[in-house]
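Protein chains: 2
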Amino acid sequence: MKHLDGSITAPLGFLAAGLHCGIRKNRLKKDLMLIFAEKPCDAAAVYTQNRVKGAPIVVTQKNLASGSARAVICNSGNANTCNADGIEKAEQMCAFAAQALGIRPDQVVVASTGVIGLPLPIAPIKKAVPSLAKALSREGSIAAVDAIMTTDTRRKQFAVEFELGGKACRIGGIAKGSGMIHPNMATMLSFLTTDADIEPALLYEALLDTARETFNMVSIDGDTSTNDMACILASGLAGNARVTARGAEYDAFREALGEVCTCLAREIARDGEGASRLLECRVTGAKCTEDAREAAKSVIGSSLVKAAMFGADANWGRVLCALGYSAARVDPLLVDVAFSSKGGRVNVCKSGTGLDFSEEEAAAVLKCDEVVIHVDLNENEASAVAWGCDLTYGYVKINGDYRT
Amino acid sequence: MKHLDGSITAPLGFLAAGLHCGIRKNRLKKDLMLIFAEKPCDAAAVYTQNRVKGAPIVVTQKNLASGSARAVICNSGNANTCNADGIEKAEQMCAFAAQALGIRPDQVVVASTGVIGLPLPIAPIKKAVPSLAKALSREGSIAAVDAIMTTDTRRKQFAVEFELGGKACRIGGIAKGSGMIHPNMATMLSFLTTDADIEPALLYEALLDTARETFNMVSIDGDTSTNDMACILASGLAGNARVTARGAEYDAFREALGEVCTCLAREIARDGEGASRLLECRVTGAKCTEDAREAAKSVIGSSLVKAAMFGADANWGRVLCALGYSAARVDPLLVDVAFSSKGGRVNVCKSGTGLDFSEEEAAAVLKCDEVVIHVDLNENEASAVAWGCDLTYGYVKINGDYRT
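Protein chains in written order, with our numbering: chain A, 1 to 404; chain B, 1 to 404.
There could be a bad hint or two in this list.
Identical chains blur together in the list; that is why a pair holds if it fits in one copy or across any two.
[Said to hold, decoys possible] No more than 25 Å apart at the CA atoms, straight line, and that leaves these computed lysine to aspartate or glutamate pairs for DMTMM-like:
id, residue 1, residue 2
1, Lys397, Asp369
2, Lys287, Asp209
3, Lys39, Glu370
4, Lys126, Glu359
5, Lys2, Glu161
6, Lys2, Glu163
7, Lys29, Glu161
8, Lys397, Glu370
9, Lys2, Asp106
10, Lys126, Asp146
11, Lys287, Glu370
12, Lys350, Asp106
13, Lys350, Glu199
14, Lys350, Glu38
15, Lys350, Glu88
16, Lys62, Asp331
Hints in this document: simulated from the structure, not taken from any laboratory.
Can you make the complete structure from the sequences, with help from the hints?
As C-alpha cells, this is what we get:
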C-alpha cells in the first residue's frame with residue numbers, strides 16, 4: 001500500500017467540484033460541493049446515532065437503501081436540521097444535482113453542515129448547481145474539500161493505492177471537523193471513493209468496522225452531531241475480480257480503507273476547534289476491545305485531561321480518574337501510564353501509583369504538537385487507540401460566538 | 001421551614017474548626033478541618049462511583065458500616081488517591097482525630113481533596129490536630145468551610161429550621177466544588193449535620209434520594225472525581241420523637257434536607273471553575289423521571305451549549321443536539337425550548353423548529369448571571385432540574401496549569 005496525492009478523484013471514475021454559492025456571507029469561502037461518478041457505483045454509509053437527525057441524513061438513508069449512488073452534493077454554512085421544510089429542501093438538492101448530471105434524484109447522496117435551526121436558503125443552491133456540474137474535474141477535489149470546511153483550519157484529504165488480485169486499486173477520502181465532534185457509529189462528514197469492485201454488503205461492513213476504529217474513536221468536545229455521515233462510493237473501474245466474500249482480498253481492502261480513515265481521523269483531531277496539540281491515547285492490556293475503546297475514549301474526552309495537556313502538565317491523576325469513570329473494567333492498582341512524543345517518553349505511573357519523574361522532562365515531552373498517552377491496564381491483551389485534542393482558550397472563543 | 005445563618009453548627013450538638021496545617025504552601029489558605037459531635041450520631045454517606053476511589057473513601061466506608069460517627073476530618077491540597085500508602089495515611093488521620101477528641105478511630109469520617117497521585121504529607125496533619133481540636137466551636141464552621149475549598153471562590157454553606165412533631169429541628173451543610181464535578185451517586189464533598197432524631201436506614205435513604213436530585217444533577221466538566229462524598233451526621237438533640245418510618249415526618253425531613261442540598265448544589269454550579277453564569281436546565285414533559293434527568297444533564301453537560309451560554313448566544317440548535325444524543329427518549333418534533341432569566345423570557349423553538357425571535361431580546365436574557373434553559377419534551381408529565389455553568393477562558397486557564 002502506498003499513499004497518493006489527491007483524494008476522492010484519485011480512484012478511477014470520479015470527478016469533483018466546489019464553489020461559493022452564497023449560503024455563507026464570505027464570498028471567498030466555498031460552500032457547495034459535488035462529487036460525480038462517471039458510472040453507477042455501489043455505495044454504503046454510516047450515520048449519526050443522535051435522535052435528532054438532520055434532514056439530509058433522512059433523505060440520504062432513503063436514497064442509499066438501493067445500495068447504489070452516482071453523486072454526492074453537500075453544502076456548508078447551514079445544517080438544514082430542525083427546520084419544518086428540511087426534508088423538502090434536501091430532496092430539492094438531490095433533484096437539482098440529478099437534473100444537472102442526467103441521473104435520477106435517488107442516486108444522489110445529500111449532506112449539510114453548519115448552524116442548526118436556520119432555514120436553508122435553497123435559491124443560491126438551485127442557481128449554482130449547473131455551474132458546479134460544468135466545473136467537475138479530477139482537479140476539483142481540492143475545491144470540494146474546501147467547500148465542506150466550517151471551522152476547519154486545514155484540508156483533510158488522503159488517498160492510497162493497494163492491490164487486489166494483482167490489480168492496482170485506489171481509495172480516497174475527504175472529511176471535515178472540527179467541533180460538535182464525538183461521533184457515535186458514524187462520524188462528522190467524510191466522503192470516500194474507491195475504484196475497487198466490492199459487493200455492497202461487504203462495502204458496508206468494511207465501512208462500519210472501519211468507522212468504529214477510526215472516526216468513532218475521535219472526540220473533540222463530546223457532542224455528537226445531528227448530521228454525522230461517512231459514505232463511500234465504489235466505481236469498480238480498477239478491474240479487480242469483484243470481492244464477494246471475506247478473505248485476503250477483503251482484508252486488503254479493509255486495510256487500505258483503514259489507512260485512509262485513520263489519516264482522516266487524526267487530521268480531524270489535530271484540527272479540533274482551538275486545538276494546539278493532537279492527543280492520541282493508546283490503551284493496551286484491556287480485557288476486551290470494547291473495554292479498550294471505552295477507556296481510550298474516556299481519557300481523550302476528559303475536559304481535565306485536555307486542559308492539562310494544553311498546559312503541558314503531566315497531571316496523570318486525571319488520566320486515572322477518567323479511566324475510573326469509564327465503562328471499562330479497570331483495576332486502578334494494575335494501571336501504568338506514560339506520555340510520549342518526539343520530545344521523548346516519560347513513565348509517570350506504575351501499578352496505579354506515581355513514579356518519581358522529572359517535571360522538566362515531562363514538560364519537554366508534552367510541549368510537542370503530537371502527544372501520546374500510553375495506558376496499560378495490565379488485565380489482558382486487547383487494545384485500542386483514540387484521538388482528540390487539547391482544550392484551549394481558542395475552543396471557548398470559537399464556540400462562545402459561533403452564530404453571530 | 002426557614003433559612004438560618006450558619007451551617008454545620010446550626011444544629012444542636014456540633015462544633016467545627018479549620019486551620020492552615022501546611023499541606024498547602026500558601027499560609028493564608030486553610031487546609032485542614034474538623035467537625036465534632038458532642039454525642040454519638042447516626043450517620044450515613046454516599047460516595048463516588050468512580051472505580052478509582054480515593055483512600056479516604058475506602059476508610060470512611062469501613063468506618064460508617066456501623067451507621068454511627070462522631071467526627072469528620074478533611075484536608076484540602078492533596079486527594080490522598082493513587083498513593084501506595086494512602087489507606088495507611090487515611091487511617092492515621094482518623095487516629096489523630098480520635099486521640100485528640102477522646103473517641104474511637106472508627107467513629108471518624110475522613111476525606112481529602114486536591115491533586116491525585118502525590119503522597120500526602122502526614123506530619124503537618126499530626127502536628128495540627130491537637131490545636132484543631134482545641135479550636136472547636138460553633139463559630140468554627142466558617143473556618144471549616146474555608147479549609148475544604150480548593151479552586152472554589154465562594155463559601156457554600158446553608159442551614160434550615162423545620163418542625164418534626166412540634167419540635168424545631170435543624171439541618172446544616174457545607175460543600176466544596178468546583179472542578180472535576182460530575183457527581184455520580186454521591187458528589188463533590190459535602191458535610192451535613194442535623195439535630196433531628198431519625199433512624200440510620202431512613203437517614204441513608206433520605207441522603208441517597210436527595211443526592212440524586214441535587215448533587216448528582218450538577219455537572220461542571222463531566223469529570224466524576226475519585227473522592228466525591230456527601231455525609232450526614234444526626235445528633236438527635238432536637239428532641240423530636242425518633243423518625244422510624246416513612247410518612248409525614250420523614251417527608252418533612254426530606255424536604256428540609258432537599259432545601260439545603262439544592263442550595264449547596266446551585267452554589268457549586270455557580271462557582272464552577274471559571275464560570276461566569278449559573279445555568280439551570282428545567283426539563284418537563286418527559287416520559288419518566290430518569291428520562292427527564294438524563295435530558296437535563298445532557299444539556300447542562302454539553303461543551304457547546306456551555307460555550308454558547310458564555311457568549312450569550314441563543315444557539316438553541318445545540319440544546320436540541322444535546323437532547324438528541326442523551327439517553328432520554330426524545331422526539332425532536334415535539335420539543336419546545338425557551339431561555340429565561342431576570343432579563344425576561346424568550347421562546348426559541350416550538351415542536352423542534354426555530355421560532356422567529358429577537359436576537360437582541362435573547363442576548364438581554366442570556367447576559368444575566370443566572371440563566372434557565374426550559375425544555376418541554378411534550379411526551380408526558382415527568383420533570384427534572386440540572387445545574388451547571390458556562391464554559392469560559394477561565395476554566396481552561398485554571399485547568400491548564402493546576403499542579404504547577
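Going through the hints against the structure:
1. Lys397 to Asp369: For lysine 397 and aspartate 369, both the intra-copy (21 Å) and inter-copy (19 Å) Cα distances are at most 25 Å.
2. Lys287 to Asp209: Answer is within: at 20 Å inside a copy they meet the 25 Å cutoff, but 34 Å across does not.
3. Lys39 to Glu370: neither (41 Å within a copy, 58 Å between copies)
4. Lys126 to Glu359: For lysine 126 and glutamate 359, the Cα distance exceeds 25 Å both inside one copy (59 Å) and across copies (29 Å).
5. Lys2 to Glu161: within (5 Å within a copy, 74 Å between copies)
6. Lys2 to Glu163: Within one copy only: 10 Å inside a chain, 78 Å across chains, cut-off 25 Å.
7. Lys29 to Glu161: Neither way: lysine 29 and glutamate 161 sit 31 Å apart in one copy and 63 Å across, limit 25 Å.
8. Lys397 to Glu370: both (22 Å within a copy, 21 Å between copies)
9. Lys2 to Asp106: So lysine 2 and aspartate 106 fail the 25 Å test inside a copy (34 Å) and across (66 Å) alike.
10. Lys126 to Asp146: within (20 Å within a copy, 64 Å between copies)
11. Lys287 to Glu370: neither (27 Å within a copy, 45 Å between copies)
12. Lys350 to Asp106: neither (57 Å within a copy, 31 Å between copies)
13. Lys350 to Glu199: neither (48 Å within a copy, 44 Å between copies)
14. Lys350 to Glu38: Neither. Shortest intra-copy (57 Å) and inter-copy (44 Å) distances fail the 25 Å Cα cut-off.
15. Lys350 to Glu88: For lysine 350 and glutamate 88, only the inter-copy Cα distance (19 Å) is at most 25 Å; the intra-copy one is 58 Å.
16. Lys62 to Asp331: between (45 Å within a copy, 20 Å between copies)
In summary, the structure is inconsistent with hints 3, 4, 7, 9, 11, 12, 13, 14 from the numbered list given earlier, while agreeing with the others.
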